[in-house]
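Student: Below are the chains, spelled out letter by letter.
Number of protein chains: 2
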Amino acid sequence: MNIKINENFKNIKETYLFSDIAKRVNAYKAANPGADVIRLGIGDVTLPLAPAVVSAMTGAAAEMGSKETFRGYPPEYGHEFLREAVASHYSSMGVSVPSSSVFISDGAKSDIGNIVDILGDNEIIIPDPVYPVYVDSNLMSGHRITLVPGSSDNGFLPLPSSLKGTVSGAVIYICSPNNPTGAVYSAEGLTEWVSFALKTGSLIIFDAAYEAFITEDVPHTIYEIPGAGSCAIEVSSFSKFAGFTGTRCGWTIVPDGLEASGVKLSKLWARRQATKFNGVSYPVQRAAEAALSPEGLKQCRANIEYYRANASLIASLMRSKNIYFTGGTNSPYIWLRCPGNMSGWEFFDLLLNRYQIVGTPGEGFGESGNGYFRITSFGSREATEQACARLADL
Amino acid sequence: MNIKINENFKNIKETYLFSDIAKRVNAYKAANPGADVIRLGIGDVTLPLAPAVVSAMTGAAAEMGSKETFRGYPPEYGHEFLREAVASHYSSMGVSVPSSSVFISDGAKSDIGNIVDILGDNEIIIPDPVYPVYVDSNLMSGHRITLVPGSSDNGFLPLPSSLKGTVSGAVIYICSPNNPTGAVYSAEGLTEWVSFALKTGSLIIFDAAYEAFITEDVPHTIYEIPGAGSCAIEVSSFSKFAGFTGTRCGWTIVPDGLEASGVKLSKLWARRQATKFNGVSYPVQRAAEAALSPEGLKQCRANIEYYRANASLIASLMRSKNIYFTGGTNSPYIWLRCPGNMSGWEFFDLLLNRYQIVGTPGEGFGESGNGYFRITSFGSREATEQACARLADL
Numbered sequence: 001m002n003i004k005i006n007e008n009f010k011n012i013k014e015t016y017l018f019s020d021i022a023k024r025v026n027a028y029k030a031a032n033p034g035a036d037v038i039r040l041g042i043g044d045v046t047l048p049l050a051p052a053v054v055s056a057m058t059g060a061a062a063e064m065g066s067k068e069t070f071r072g073y074p075p076e077y078g079h080e081f082l083r084e085a086v087a088s089h090y091s092s093m094g095v096s097v098p099s100s101s102v103f104i105s106d107g108a109k110s111d112i113g114n115i116v117d118i119l120g121d122n123e124i125i126i127p128d129p130v131y132p133v134y135v136d137s138n139l140m141s142g143h144r145i146t147l148v149p150g151s152s153d154n155g156f157l158p159l160p161s162s163l164k165g166t167v168s169g170a171v172i173y174i175c176s177p178n179n180p181t182g183a184v185y186s187a188e189g190l191t192e193w194v195s196f197a198l199k200t201g202s203l204i205i206f207d208a209a210y211e212a213f214i215t216e217d218v219p220h221t222i223y224e225i226p227g228a229g230s231c232a233i234e235v236s237s238f239s240k241f242a243g244f245t246g247t248r249c250g251w252t253i254v255p256d257g258l259e260a261s262g263v264k265l266s267k268l269w270a271r272r273q274a275t276k277f278n279g280v281s282y283p284v285q286r287a288a289e290a291a292l293s294p295e296g297l298k299q300c301r302a303n304i305e306y307y308r309a310n311a312s313l314i315a316s317l318m319r320s321k322n323i324y325f326t327g328g329t330n331s332p333y334i335w336l337r338c339p340g341n342m343s344g345w346e347f348f349d350l351l352l353n354r355y356q357i358v359g360t361p362g363e364g365f366g367e368s369g370n371g372y373f374r375i376t377s378f379g380s381r382e383a384t385e386q387a388c389a390r391l392a393d394l
Numbered sequence: 001m002n003i004k005i006n007e008n009f010k011n012i013k014e015t016y017l018f019s020d021i022a023k024r025v026n027a028y029k030a031a032n033p034g035a036d037v038i039r040l041g042i043g044d045v046t047l048p049l050a051p052a053v054v055s056a057m058t059g060a061a062a063e064m065g066s067k068e069t070f071r072g073y074p075p076e077y078g079h080e081f082l083r084e085a086v087a088s089h090y091s092s093m094g095v096s097v098p099s100s101s102v103f104i105s106d107g108a109k110s111d112i113g114n115i116v117d118i119l120g121d122n123e124i125i126i127p128d129p130v131y132p133v134y135v136d137s138n139l140m141s142g143h144r145i146t147l148v149p150g151s152s153d154n155g156f157l158p159l160p161s162s163l164k165g166t167v168s169g170a171v172i173y174i175c176s177p178n179n180p181t182g183a184v185y186s187a188e189g190l191t192e193w194v195s196f197a198l199k200t201g202s203l204i205i206f207d208a209a210y211e212a213f214i215t216e217d218v219p220h221t222i223y224e225i226p227g228a229g230s231c232a233i234e235v236s237s238f239s240k241f242a243g244f245t246g247t248r249c250g251w252t253i254v255p256d257g258l259e260a261s262g263v264k265l266s267k268l269w270a271r272r273q274a275t276k277f278n279g280v281s282y283p284v285q286r287a288a289e290a291a292l293s294p295e296g297l298k299q300c301r302a303n304i305e306y307y308r309a310n311a312s313l314i315a316s317l318m319r320s321k322n323i324y325f326t327g328g329t330n331s332p333y334i335w336l337r338c339p340g341n342m343s344g345w346e347f348f349d350l351l352l353n354r355y356q357i358v359g360t361p362g363e364g365f366g367e368s369g370n371g372y373f374r375i376t377s378f379g380s381r382e383a384t385e386q387a388c389a390r391l392a393d394l
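Quick mapping for you: the protein sequence lines, in order, are chains A and B.
Sequence positions in the first sequence follow the numbering used here and run 1 to 394.
Sequence positions in the second sequence follow the numbering used here and run 1 to 394.
If we strip away everything but chain A, and leave its shape as in the complex, we get:
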């Protein structure tokens, strides 16, 4: 064909991280058929959906089978019952978000990728290491990316003061609690970013997907920071909070106070969604609503507690071995410095061959991930305990 393709796709690195991991694990298992390999690599939940959620979803699916209760096209921005449930969730965190600023979607990944549609060619500022979608979705649009390195010096929580040169009108991605590092910004840290955004006329895209894992006194939402309503979009998800990775529902908050070139961003996002999206499945929206009900919250939090106890076990082990790490307290992830100056892949091979444990090399999350390693707490308690026991002689 003679058509022009989007040439920016040629600038996106092919990532073979998870297929490379699978290849090494498969080769090991082929050579060691009896080995009991424990997988603590993936960022996917394993506990089933909460009973209140399942009950709501099966009930809504049954409603779709009856003429009286059948539902056709959902509103593109979400059913009002769910937009209001999300708004109430923000109330319970002490911030006021009107339901009209809540846009329901099939997941945070879609929104983070699609938000690029409404923006022009701005400088993109992204802390590194990082969830690859921030980088790749901007590369697809040919945007210029500035990475802000995380390191043990800043506890993998880089601040705007580390940026060189003048910034004006940038788009800044912040994920807190962070994937992959598990590090979480304090109110002071987020205040620095919000002040910087306000001063430079920049937009923050705040990824709160891991909010439910917070235990300490740190912000659950960017809107706890004064001024964020004038500079920040927040994207969040039911995936980790309610185990919706296979059920698919998320939301994005676009406050009415966000304006650029004389246009409200909420109006642009509404238009983008009305044009290229047709809303979320009704049974899924009812399931999401149930996750935010008192009963659902209690059940979902019990699941989070389970993962958090796993994270504590791994964090304790790291402490006992004097291994530097972030996360494990407000996050399902433990991000550790590989012992003996090993690279992430060297440590991967060591864990697999000597201990039959699979994790994720930090290199997969960007250059600042070199020499680091991510272990997740989404395995079963037994598997996590056994992994810790095996690592006693690390």
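Be careful, since some hints might not be right.
Remember, identical chains collapse to one label, so a pair may be satisfied in a single copy or spanning two.
Unchecked claim - Straight line, CA to CA, 16 Å or less: simulated EDC-like cross-link-like pairs of lysine to aspartate or glutamate:
(1) 4 x 259
(2) 4 x 121
(3) 67 x 382
Quick caveat, the hints were computed from the structure, so don't treat them as lab data.
Could you slot chain B onto chain A? The hints should help.
Tutor: Same frame as chain A, but now just chain B:
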């Protein structure tokens, strides 16, 4: 904020069609509180989901509540069971589509909107009147659009011979059976478009969302036309075929033979979806699979038959009144020329005020829709019969 927005949004016309319709209907009902208004305007289904579909969806929702059967992140391109069910569906239509070319999504609208991501700045060719998403999604990317007018002269089935000037490497949108006109291309008509695309190195994006309504001997899929595998992407949906407007599932076929700038389009689309999409809800995919099972197909086809009988009633009335129309045979839509040279809005007011019937003015679908009107067959049998009875004196 100093950030640049996507300035192309300023070129998209605000559409108030459906809100204008709602305003006029509400005003009428306020002035005539006892009036029994029949709504034949919307393109949304009204019959409940088929029992086989509901049973599969509730069963899968229950699976998500048990540790043994819980499912996490779905594959970004769809569960293999559904990709294979769609591939088999194509087999039953007599064309061979490997499951690896099937990309499952949350609906045709998403895919039609998002496909623009992988393409460069090409000439866009769109028959008019038209489903507005083709136009608006391309305006958002600043693409140059050439509309090909439909009219009673070409039966609202314009052919490439009506294009002026030289075309090279264009992107051509074709919807057949068409929304809003209900007109359907014959094999000869589609062959002209495919030959034109092959000759000019163009890409066809074929929207087959209304395929299930076909009764006559016309192509159900663009891949019935020789050569289409080298020039056409097909987008389709469970929305109209299985009543999934509120359940949300669709698919896109990107054949391996599509290549531009030395890159396979299937690879670009796979990359786009893996970056900005996380797959479709597991219970929804099981529901969609059930719609394609022998039992599901039988039940879904009974629903289509119900709508088709409604369409026949309206089409018979038009014939008896000697009103020119397209559709009604292979489509749930009847697209009629307004009597007495009325504009679509004049006819709208006449139908509402004299007959208490709501339809959609053709102006809402583009300039070539002026003086035309869309009536849908998605109402109940009783409502459709009553509407026809009221219109006996039209």
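Student: Does each hint fit the structure? Answer for all of them.
Tutor: Results for each hint:
1. 4 x 259: This pair counts as between: shortest inter-copy Cα distance 10 Å, intra-copy 33 Å.
2. 4 x 121: Close across copies (6 Å), not inside one copy (20 Å); limit 16 Å.
3. 67 x 382: Classified as between; 14 Å across copies, 47 Å inside a copy.
Of the numbered hints stated above, none is contradicted by the structure.
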